[in-house]
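From the two separate chains plus the hints, produce the assembled complex.
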Amino acid sequence: MPVNPATAPRPDVHAHEAGIRIDFGRSVVRLTGREWFAVGLIVFICFAWIPDLWERYEPLDISLVYRVPYSQSEDYWTYRRLLKQIVEADRIPVIGDSFVWGEYVPADKTFSSFLNAETASERFTNVGLNGAHPLALAGLVRNYAGNVKNRPVILHCNLLWMSSPERDLQSSGDVTFNHPRLLPQFVPHIAAYKAPLSQRLSIVFDRNLRFFDLVTHVRTCFFDGRDLQSWSVANPYANPLARINRHPLDDSTEAHHDPIPWTKQGIELQDLPWIDLDSSLQWRGWRDAAERLRSKGNRVLAVIGPFNEHLLVESSRLRYQAAKQKVEAWLRSEGIRYVAPALLPSDEYGDASHPLSAGYARLAKSIRADRAFQEWFNSD
Amino acid sequence: MLFHTWTFAVFFLITYSVYLALRRTSYWLPWLLIASYVFYGWWNPLYLLLILYSTLLDYFAVILIERSAHRKLWLIVSLSNNLVLLGFFKYAGFLTNQANALLSLAGTAYRIAPPDILLPVGISFFTFQSMGYVIDCYRGDTDRERSFVRFAAFVSLFPQLVAGPIERSRNLLSQLRRLPPLSQDDVTDGLSLVVAGLFKKVAIANYLALYVDPIYAAPDRYNGAALAMATFAFAWQIYCDFSGYTDMARGVARMMGLRLMLNFDHPYLATGLGDFWSRWHISLSTWFRDYLYIPLGGNRSSASATYRNLFLTMLISGLWHGASWTFVAWGALHGLAYVMTRGVERSTWYRHRIPTIVKRLAVFSFVCFTWIFFRANSMSDAWLIIDKIVDSPWGDPAFPLLALALVGSLWTYELVCESPAKGLLARPAFRVASVVCMILYICTAPGSGDVPFIYFQF
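One line per chain: the protein sequences are A and B, in this order. With the first sequence counted from 1, adding 11 to any position gets you the working numbering. With the second sequence counted from 1, adding 387 to any position gets you the working numbering.
So here's chain B without its partners, still in its complex pose (with noise of 0.2 Å):
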């Protein structure tokens, strides 16, 4: 079930309005588990088992970090827990890829059969957030939830359970132990953000993709420029295909009265590439800060050694997006560079000499270089693709100018929220006529097909 389909329209306006109705009783916690199961079976309803399986197992394992002795040990159980299962359904198969490589590289006639596993979708985004709630637990940076219900609302809350924001038990299940307050407000937020997230997917993401996936599925058959704007266009395509569903997420919960965590933050106006991390899949960056990072030492010790534990935390966040060599080297990538370039972006003449547009321009373009690397089907194609942008001759990209224009238009935008001309965005004819226009484009230029969202595979 898509936010951007009459399906989530029918099942939120019935969900939405049993919960108003049932905001004077005590039900309208366990409602909104019972309409999160159901949105999360509407995909499989195995799935179900999978995420009822690990609330139970971290629920009771939260209950004996308080009263055993063995704290340590049920911590190590409950994460082992979560981890195998990520690790079973989502890399399964790369691992069986992997050894059966060595296999042959050994000279050996045996094959491991590859396992015939279906993806849960949103696995990774469940299985963290339950895991940050249990390490919180353990060291007592949050109390621990009596009410099953209310930690199973906690861990499959519809809105956020597929792709995120990957939310704290701070956050989201302390706004959970008490009935949301509601205002108009919140609902007219909450629509906006609903109609922001709607106009990012539909109108720019799923346009994008017409340009750049037939490009990334043969990049032989194109030239250089086509490549090097594909890579330009799919650095858009995935950050309004995520922020847009991110968008859609928060207001749906805020139509609610609940509050989700900001997840994107104007990523492309970085100016470094700490600050770009401080601004792209900001729930996930600051969840590897609080649970690797930081217990990896952070920056507590050596510089070496925080440089280290930089590149092993960007590492695993690469292999957190995807079982696949493509991920680890994108990872990887951001890893070195940010090691590379950290002091030099903490550095005054970096901070004050060089202009604004050129450290963002340099940011994006690094950041669009490692795209090509999370987009493309393999590492090979992945060197193909440098190789066709860096040494081939270019020819005509055939880049639609309505795409650009839109592209042109959203950068633009964020630019001027970002700049002391901010005002002219504040008024009232302004936001209005861009809504209309947003909700006319979204009615009239895309086609009708339920595009998945690219983050749904993570």
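Next up, chain A with everything else stripped away, as it sits in the complex (with noise of 0.2 Å):
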């Protein structure tokens, strides 16, 4: 017979009449809803307090030749500190990718070290990271460069990104890139990034709570970049806590790359094939980054290049100028500041697109000498 469900009996007189068992079970520790408001709390301050306290513990000395150690490259805790620290000191930031970190030099004959003896000052200050394409900088500027705000900033346009459909991110093959937790997770689609809808909505969550940098922070700094469990199955009897120190390992002040110009490292000419910049991911991401910094009432300058057009075949390298010209024309359409400073001797350049120390001296004091920068560096 079909049973009205108005008058059906309640469940559990069924479950007990054919002996199923669907108590609470006796494992589980069971809160009341009074508890559960005291989980939260006490979880909301953890997550609120502990960001704070840690910073109190661990200091951060931003001399003038600090910069984010190579190893804590997507540690955007110490970025988000830094940024901090810079404000507060009334410095300017000089924002990009390795470019602006000095991948071929030590910490003092970076961009930034030679921009500060050439202006007499003590202002500028490193903030470039390895391998944060224009994508991962609006990223950054979006997540972390909150504080940065109605300061002179340099903003770094490294026009080799937007050089092939790999760099700016378009290819759908097996593209490996870094700071994938800085690209925009859902719009607009960008074809080398896969991962899966989970993977997204985390990193979301994630980057808009401190706790999970600092999370991340510690992991990178004390335990090999690797989460507590994961590090322990590697060190089974080794004490987690005995690895943390409020003195991070700070191996920022060597160059990366021994500086050997790129003629003497074998590299060829090169035909890359550019990527027009109205369909460019990189442009817009860069476009999006120097926007937002100026939303915020930053005067941005944007230093273009100088990219090793000697490693360039002809045809390639009249494609990239024509793609400098956009730029430099959006710029100033934008009534952006910029300085676009000229191509540095071939022996200067370690690769494609990062100086020698040689090629930072001889850019700073180019830079200084442009009335774009004057301009923008006396109205501060």
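If you're looking for bench data, these hints aren't it; they were derived computationally from the structure. Built from N, CA and C at the ideal position, the CB exists for glycine as well. Please note that the accuracy of each hint is not assured.
Stated by the list, open to error - Which chain A residues face chain B? A few, computed with CB under 10 Å, are given here:
1) L42
2) T43
3) G44
4) W47
5) I73
6) S213
7) N246
8) Y248
To be verified - Every beta carbon over 12 Å from chain B, so not counted as near; a handful from chain A, in silico:
9) R37
10) R162
11) H190
12) S263
13) G277
Structure representation (structure tokens):
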């Protein structure tokens, strides 16, 4: 006989009659509503206070030659702290990728160091991150540069990222790239980024909570970049608490590569295709970073290149110059001050886009002499 | 869509919000069905065809059982259909391999091409649940469900669809026949179950997998101590993985006012094998008891027939887990040991003279031994592991102390739960502190990999 749902007995009666146990279970910690409220409050306090307490526990000494240690390139906790301290010390952040970081040079021979020397100031600070392509830069500005307001900022534009579909993240093949956590997770569609939905949602959630940046920081600095569980499998008898100290390893002073000119590295001339900027994801990312910085009242000075044109075949060089002209045209149309330094001598490049220390010195000198830079610098 | 991922969190948030909004209307049940189908189709939309076919066939089979003069015929049609589905998707590859091995032994060059079939997630669970309903209707133990939507929701209800508990119509279908009452306690209880399950899965099971997987993938490279510790770790991994899933499933259902059956009850505190099977995967054990062991005759005739029935039930239970000789061996070992110890376990001497700790350790050790067959990639691997544990020199197992501490804490907690000191665990401060610690640990210590549940493969 079918059952009338309105008059059906309660479920636990059926279950009991059938010998089915539907009780809560003995092993689970069972909380009441009030206790859940207490749990929520304590967890909230931990999430809010632990990052602040950690900042007091672990000092970050931003000297003039400080740069984010190479091994902490994806440690956005340190990056956020760096920007915060720059703002507090009234310094000028020089934002960019490994061009700004100084791939082939020690910490005191970087772009920002030579700018300080040229301007006889102690204001320019290296805020470069290895592998921070423009889409990642936009993510850095969006998520970690919230306190950079109403101040002079240098934003470097490295056109290398627009030189091929792979670098522009338009290729749907197997492309490896840095900083996936900084990418826009849903819009625009990035063909090279293939993270599953759950990972994307996790990233969106994590990067909005400082607590999770701190977790990544601790893993990066003290647990070889691994989570505690994976680390403990590799170090079964080690005490994880003994690993943590106030002064994480700093590998930022030395160059990441030997300072050898590209001509002596066996690098051949290249025929880079260059992406049309109208369809370039990276160019869109760079514009987004610049616009976000400006929207917060920052006085942005863009520095374009200088890309190592010596390394390009003629046809590729012409395509590069066309792209560069488009960048300049956009900056002019937006009223953003910019400097487009002249090409450096060939032996002052380490590869396609990174100068050696002599190159940075020459670059800083030429920028210092540029009228756009002087107007921007003196207006501060 | 795994319970411990953000995808599920978003899915549940949407499903739950709409469910709460629809509770005053008659659409709450169709909504649950839609949500369940979205959940299942997330793995592979083609799976939906299979579950829909299975549901339709059983729905109409029960109508025919009720109305037709050939009741048994329709029961057989329904059961055969379910078993053929299960056999085709789950055992076709295994049977082909065995047939090819026989052909090889016979010296023929002919080989049957192995089928390229994708095993639908949770097929063993929902087919068993549906079969249970059909048998219950045939026996007159439950009422036929007139609404197809309600029956389909019963077969596919998303919290328990892919790894149980294998629900009975008398429990779950009865609850779906009226709007499940929902109180604040249901929500808080549900949350408690979800957090406990999440901790077991993410903090313990996934952690132990980091140690177990490489060792069982290449047992020849490890010493006896490492293999023994990997087996010990796997015992806790599979327990935390499966009971963690069950806790989360029960918690999610509870937050919707639905009470799913208990599936685990401190199995590693069992004092006998009979006791173990009344605590481990209870929904499957009782399913086999009600629909296989008892129909085979149960313990109603001679002792030898009882032992035969017990052994057969355990053997088939082993085969249910997977199409491999290792699972058959696992089931057979449990069957044999159960048959051999049943009498002893029931004796006064065993119950009162043997210290509980000894009984528990003996059962746990035996269960660990059988897990070797369950986890090993092949029978030869299983023999190698046993051989190395017993015969080869033991070295440093390199088992992480942190993992040992977590497992030790869980074991101690369960021990206290079953001891006179359980009142200590009932103190609010202890419970709040435990949950805070679990949440903070989940947020900080584990990696972010979406490790699937072990039982999804069954």
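Hint numbers the structure violates, sorted upward? 5 and 9
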